[in-house]
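Put together the whole structure using the sequences plus the hints.
Here is what each chain is made of, one letter per residue.
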Amino acid sequence: MLRRDFLSYVATSGIALSFPSIVNANQDKFKNKTLVLVELKGGNDGVNTLIPYADPLYYKLRPKLSINKDKVLKINDKFGFHPSMKGMYDIFKDGDLACLQGVGYENQNRSHFRSIEIWESASNPNEYLDDGWITDIFSKNKQNNVLDGLVMGKNTLGPMFGQGINTITIDNPNKFIKSAKHIKKNRGNIKTKNKALSFLLHVKDEIEKSQKIFAQKLISESSFKSTEFTKAKFSQSLYQSARIIASNIDIPVIKVSLGSFDTHSNQGRTHANLLQELSQGLLKFKKTLQIYDKWKDVLVVTYSEFGRRVYENASNGTDHGKASVHFALGGSVRGGLYGKYPSLDNLDNGNLLYNLDFKTIYNTIILDWWKMTPLARTKNFDKIAKLLI
Amino acid sequence: MLKFICLIALSLTFLFALSVDDTRHLMSRTSFGIDKNMVKILSSKNKKDAINFLFKINQNEDLQPLPNWAENSLKRDKPFKMMTASEKKKYFRELRKRIVDLKEWWVKSMLDTNSPMREKLTLFWHNHFTSSVKKVKSPSLMLEQNQLLRKYSLGNFRILLHKISKNPAMILYLDNQSNKKRKPNENYAREVMELFTLGEGHYSETDIKEAARAFSGWRVNRKKGNKFVFVKKLHDFGKKEFLGETGNFDGDDILDIILEKKQTARFITTKFYKEFINDSDINELEIDRIADIFYNSDYDIKTLLKGILLSKDFWDTKNRGVLVKSPIELIVGTLRSFDIHPKNTKGLVRASKNLKQDIFNPPNVKGWDGGTSWLDSNSIIFRNQVVSRFVRGKEMGMDKNMMMKKSNSIFEDNNLNRNERFKFMQHYLLALTPISKISHNDKMRKIISEFIKDPVYQLK
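Line by line, the protein sequences are chains D and E.
Just so we're aligned: the first sequence equals residues -19 to 369 in our numbering.
Just so we're aligned: the second sequence equals residues 58 to 517 in our numbering.
Just so you know, these hints were derived from the structure itself, not from any lab.
All figures in this text were calculated on a predicted structure; none of them were measured in a lab.
Even for Gly, the Cβ is constructed at its ideal location relative to N, Cα and C.
Be aware that one or more of the hints could be misleading.
[What the hints assert, rightly or not] Simulated restraints on C-beta separations:
1. His497/E / Ile271/D: 57 to 63 Å
2. Lys155/D / Lys500/E: 29 to 35 Å
3. Ser119/D / Glu151/E: 25 to 31 Å
4. Ala356/D / Lys462/E: 55 to 61 Å
5. Ala365/D / Lys146/E: 53 to 59 Å
6. Asn253/D / Leu291/E: 29 to 35 Å
7. Glu208/D / Arg153/E: 28 to 34 Å
8. Ala365/D / Lys154/E: 54 to 60 Å
9. Ile271/D / Lys462/E: 41 to 47 Å
10. Gln196/D / Lys410/E: 28 to 34 Å
11. Ser261/E / Asp35/D: 30 to 36 Å
12. Asp328/D / Gly304/E: 28 to 34 Å
13. Asp328/D / Lys410/E: 54 to 60 Å
[As the list claims (entries may be wrong)] With a Cα cut of at most 25 Å, we get these calculated DSS-like pairs of lysine-lysine:
14. Lys192/E / Lys510/E
15. Lys510/E / Lys158/D
16. Lys192/E / Lys211/D
Next up, the structure:
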């Protein structure tokens, strides 16, 4: 059974960008808009994120892990956020945060690797596709931009894996500008059947092109007006992402990651710390983007390979589950609750039942954020009506 | 008739002695870089003899002296809750120091060993039967696991599988410590089938549940030396149905049933094919053929590896230079190729970590994906910096210009003319023709520098 591999990029695409491209109906759809994908690595426990504090079953099934009713940041008479999520709670009160309840898919796989592949490629559970859903979009809609996607930090390409997309992975833009200068430029157009070599040369090409753009346009840190971000990796990823957006370096998709949410044991403190970092990072992100009047042009969406089981296990943790809550936030998001909170007494072998297929989220992004023609792999699904203004 | 001639021609090539290019290819795939002595030694051997020779010299382990804490877990005389802040600080400082010691010890061993193939296989198994010191939190248990992997690295996979399933670090890593009759934990059962033996699609969720029951009670005795212990009262002795068979299985029975399936041999053989021959262009028929041999040898790893190395696919030019060197291969391989042995490997460990290969700490249970996943804009920039630093020397524990100083000894035949030296060095270092234009008339130090900085140097 073939797992997808990183196929080579045939050298022509990079060269094509230097010629005026054929007018593409979807080209300008990406302009001045940024999709920020936040990967919650390891499978986030939705039940302790958006907490059904009014349901006695919650306390019965989680005698040790349940959060005290009084500590929950209540958003209505049934649900509330984990106490560590003050930042996201504030964004919710501003009307900019949507809770997407019960997100999953049919026959959800509970293996980390397989399930994240399914999310990243928007495949069916028994399909193995060669590229991510974002790659599919950009390989079919060539843009004039040098970069289609950016991965912040030492993380995988995720939904941007595969052929036909221009991406870059950077840790720190300042370091990148400096050190990328030393990469020798590729001479000419080298055609080779060697996939590894081809891939290597393609990435070198992207480095060279991106270095030029970043050097030209990136606002210096001293002149960048931002609210204070913590030094934690995730917050710094958001800080740098805000800086790149504010510099008008047009990159349609940015991916950041936070983890590990794979809390099989001693979930309490670990989960609280992660949610705290997630929340206050996003709040600072919003505030900084508002300073540059970019908040309405940014859409942040979380995703994770699966949720976790309702019953706590014997090690004060939870095991791999199925459906979970996810979040969409941004200046163009209509805040509130979407979908339905999965019932705690109608479980699928201990796992939460989904009601929102994750592909409906992708469809909403494609149809309502980018206002594009539907993607083959998601077009048979609905979208979340009215999520975006 | 043509097929017959080709067959003869192909088998004849096995009779011819190894060229510099063939030696580099064989060594860089089975070891770290190329050992300059091997060029001379293998130049008189044909492929089959060369391979047998390598197995012969790699029979023993050749390691650096173990760290002084090797036998003893870091002890606490009281539980964490009762420690003062400064006691906790002291404990964690010592723990971190041991973790650093551990990594530096292994890299130094890889650098200096006379059994590099065994070390390469140990690294391969570390990436297969993964555990990470970050989760296990015990350098001495990780070291014990590393020793186990090394012992059976070129031994028997059946024995290795049984032993790794009872290995304390593995039990802690995949949560079998929490696997009890009343509340089974499926993690080990899932991963042993998905990642270590059969591969996905060859078992059901029910098989996982049943296997988890069989592994229940296999624990680590935290109070008595962190040794494996079978706790009967936590074990589910009941009847189980697993992969079509029924019985009161325990963990060993489960493993034997898994090994009985040819798919296990196939899965491992496929991994070897991707590791040693080509990771994107797979020859299923050849894998089938070698997997049969592996299965029929009752999982003898040497037999498997020999099958791979004697395969025509291994020597085929279309499979040369198609694999990306892992960070360890790039770093350790470059130094070994120039016979450079820094005393201190701290900088090397750090460089490998920055290139995404933090040994003893694979990112997750699937291990490092390898191949082109080693390459992104970050890592390509950093790889460039690492090789530049090697050329300059004076960092990472080397003397200034050490590489250049050592390069002379690579030419054992000093009667080569300029063009011959160029060609020799090219085949010594590179699997493919360099991309950049390098002049034969440059000084050798410049030529070497250009070769190493060329994109093709990243491939093997």
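Results for each hint:
With their beta carbons about 59 Å apart, His497/E and Ile271/D fall inside the hinted range of 57 to 63 Å. At roughly 33 Å, the beta-carbon separation of Lys155/D and Lys500/E lies within the given 29 to 35 Å, and the hint holds. Judged by the Cβ atoms, the range 25 to 31 Å given for Ser119/D and Glu151/E is violated: they are separated by roughly 52 Å. For the hinted restraint 55 to 61 Å between Ala356/D and Lys462/E, the CB-CB distance of approximately 60 Å keeps it satisfied.
Between Ala365/D and Lys146/E the beta carbon distance is about 55 Å. The supplied range of 53 to 59 Å therefore holds. Against the hinted window of 29 to 35 Å, the Cβ-Cβ separation of Asn253/D and Leu291/E comes to about 31 Å, which satisfies the hint. Hint check: Glu208/D to Arg153/E, Cβ distance near 29 Å, so the stated range 28 to 34 Å holds. Between Ala365/D and Lys154/E, the C-beta spacing of about 58 Å keeps the proposed range 54 to 60 Å intact.
Between Ile271/D and Lys462/E the CB atoms are about 56 Å apart, so this pair departs from the stated range of 41 to 47 Å. Separated by about 32 Å at the C-beta atoms, Gln196/D and Lys410/E satisfy the suggested range of 28 to 34 Å. Taken as a hint, the range 30 to 36 Å holds for the pair Ser261/E and Asp35/D, whose Cβ atoms sit roughly 33 Å apart. One distance hint, 28 to 34 Å for the beta-carbon pair Asp328/D and Gly304/E, holds here, with the actual separation near 30 Å.
Separation of Asp328/D from Lys410/E is about 41 Å and departs from the stated range, judged on CB atoms against 54 to 60 Å. Our distance criterion of 25 Å between C-alpha atoms is broken by Lys192/E and Lys510/E, whose separation comes to about 37 Å. This hinted pair checks out: Lys510/E and Lys158/D have alpha carbons roughly 18 Å apart, not beyond 25 Å. At roughly 23 Å between alpha-carbon atoms, Lys192/E and Lys211/D fall within 25 Å of each other, so this suggested pair holds.
In the structure shown, a violation is registered for the earlier hints numbered 3, 9, 13 and 14, in ascending order.
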